[in-house]
Structures are given as C-alpha cells and as structure tokens.
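**Student:** Spelled out, the chains give:
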Amino acid sequence: GAGVSQSPSNKVTEKGKDVELRCDPISGHTALYWYRQSLGQGLEFLIYFQGNSAPDKSGLPSDRFSAERTGGSVSTLTIQRTQQEDSAVYLCASSSYPAVAGGSYEQYFGPGTRLTVT
Amino acid sequence: TQLLEQSPQFLSIQEGENLTVYCNSSSVFSSLQWYRQEPGEGPVLLVTVVTGGEVKKLKRLTFQFGDARKDSSLHITAAQPGDTGLYLCAGAPGNQFYFGTGTSLTVIP
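Protein sequences, first through last, are from chains A and B.
For the first sequence, our numbering puts the final residue at 210, and the numbers step up evenly by one.
For the second sequence, our numbering puts the final residue at 1010, and the numbers step up evenly by one.
Hints in this document: simulated from the structure, not taken from any laboratory.
Quick reminder that beta carbons are idealized off the backbone N, C-alpha and C, glycines included.
Fair warning: there could be bad hints in the mix.
Stated by the list, open to error - To be clear about the criterion: a stretch of chain A counts as covered by chain B if any three or more of its residues have a C-beta under 8 angstroms from a C-beta of chain B, and this derived list gives those stretches:
hint	segment
1	133-142
2	201-209
What the hints assert, rightly or not - Okay, derived cross-link-like pairs now, EDC-like style, lysine to aspartate or glutamate, Cα gap no bigger than 20 angstroms in a straight line:
hint	chain 1	residue 1	chain 2	residue 2
3	B	Lys957	A	Glu198
4	B	Lys958	A	Glu198
5	A	Lys103	B	Glu942
With these hints in hand, go ahead and build the complete structure from the sequences.
**Tutor:** This is the structure:
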C-alpha cells in the first residue's frame, strides 16, 4: 500500500516569501506529525494532529509557522515570511493512534521536504 | 536543552566490531523507541521497549530499557556496512514526541 508522501521534495525560496508544505498520510491513520530536521541532526517536534485537531501547538518555533489538517487526511504546514534559519528538512509522519502521552505506536515517515531559504 | 541525549554523536568503526549507543534523560518514559534513518529518507522504527529492565534482540541488535525508564541502550554485535545510518531514540512523556540528538554510525568495510 501507499506510504506517507510529501510534496514538494525540494523547495528553494527567497527570504521573506511564504511556503506551503504538504503531507499525505497513510490512509486510515488518525494521527499526523510534523518534524523539522537540520543536517545530520535529530528531529525537532513541531506539531501533531489527532483527526483534524492539534491538541498542542507549543512545538511550533514561532507564529510564522502554522499547520492545518482537513478531512482527517491531508495536512499543510505553512511558513510565512521565511528566514534563512528555517532551512531544514521537514518530515511528516502518521500513525494509527497517537504516539504521544506514553503511547508506543509506530510512526511511518515520509521522505521529507528539503527547504532552502536564500 | 535536549530531553533525550544520545552518545556518542558520531561513531566510525571497522566492519566486525561491536558498539553501544546510549540514550539518556532526566525524565521518565512509559516507553522508548529506536529508529534508524538513512540519507534522504525518513526514520524507520526498529523497536519499542516498554518495561523497565526490558531487553529486546533484533538479530545482531540488542536494545535495553533502564530499570528507572529514563535511559536506553542499543548494542550492535559484529557491525556490517549495512548498519550505517543515523540512530535515534524517541519517546513521549507528555503531549509532545521527542527524538534524541542522534548517533551517526559509519561502518567501514
């Protein structure tokens, strides 16, 4: 079956422009996660959705970052007025149940979107 | 400050050697997971440990969860070039999911 897909795979944008990153989770997965990863580093948790709602948005690094999920499926991460420090790989994952609050459910990751802000 | 600290950060060894990667925290986790990530791809789950003191084996990989459920280790026996990758521990003490700082392993043929 299809895994998690993300688009675009690469995005180069100028400082100050807005960007939208898309994630298509595995069909039927209710939980969806966004992470940011700098080169060769660990993952920074940004936000997770249970259905269409995001119980905790405190992982978003600034108010320039927002995310939404519609129809319990596709999610979009939007970065407004991009800065050079936003350059990173943005990873999306989904799971059948939330892996937070002590849960141990496997997260399935997409290949990521590499964002470069010039 | 990272919730999950991994050591070492980088490790380069010869094929056939053994190695151990550590994941430490001051917080208690009800479970911890280990993932491996290869370049250009997302992380892939290797194992989940849920009981303090638990030991799980996956072929040449041995995972241990500390008695106090604050730390974990990954031991690889007779490393092979195919083991090369970024190893990440992860867990969720609350409403956010934390990944460790990562250990980049290179196994030289």
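**Student:** If a hint holds in the structure, say so; if it doesn't, say that too.
**Tutor:** The hints, checked one at a time:
no.	hint	result
1	133-142	holds (count 6)
2	201-209	holds (count 4)
3	B:Lys957 / A:Glu198	holds, 16 angstroms
4	B:Lys958 / A:Glu198	holds, 18 angstroms
5	A:Lys103 / B:Glu942	holds, 16 angstroms
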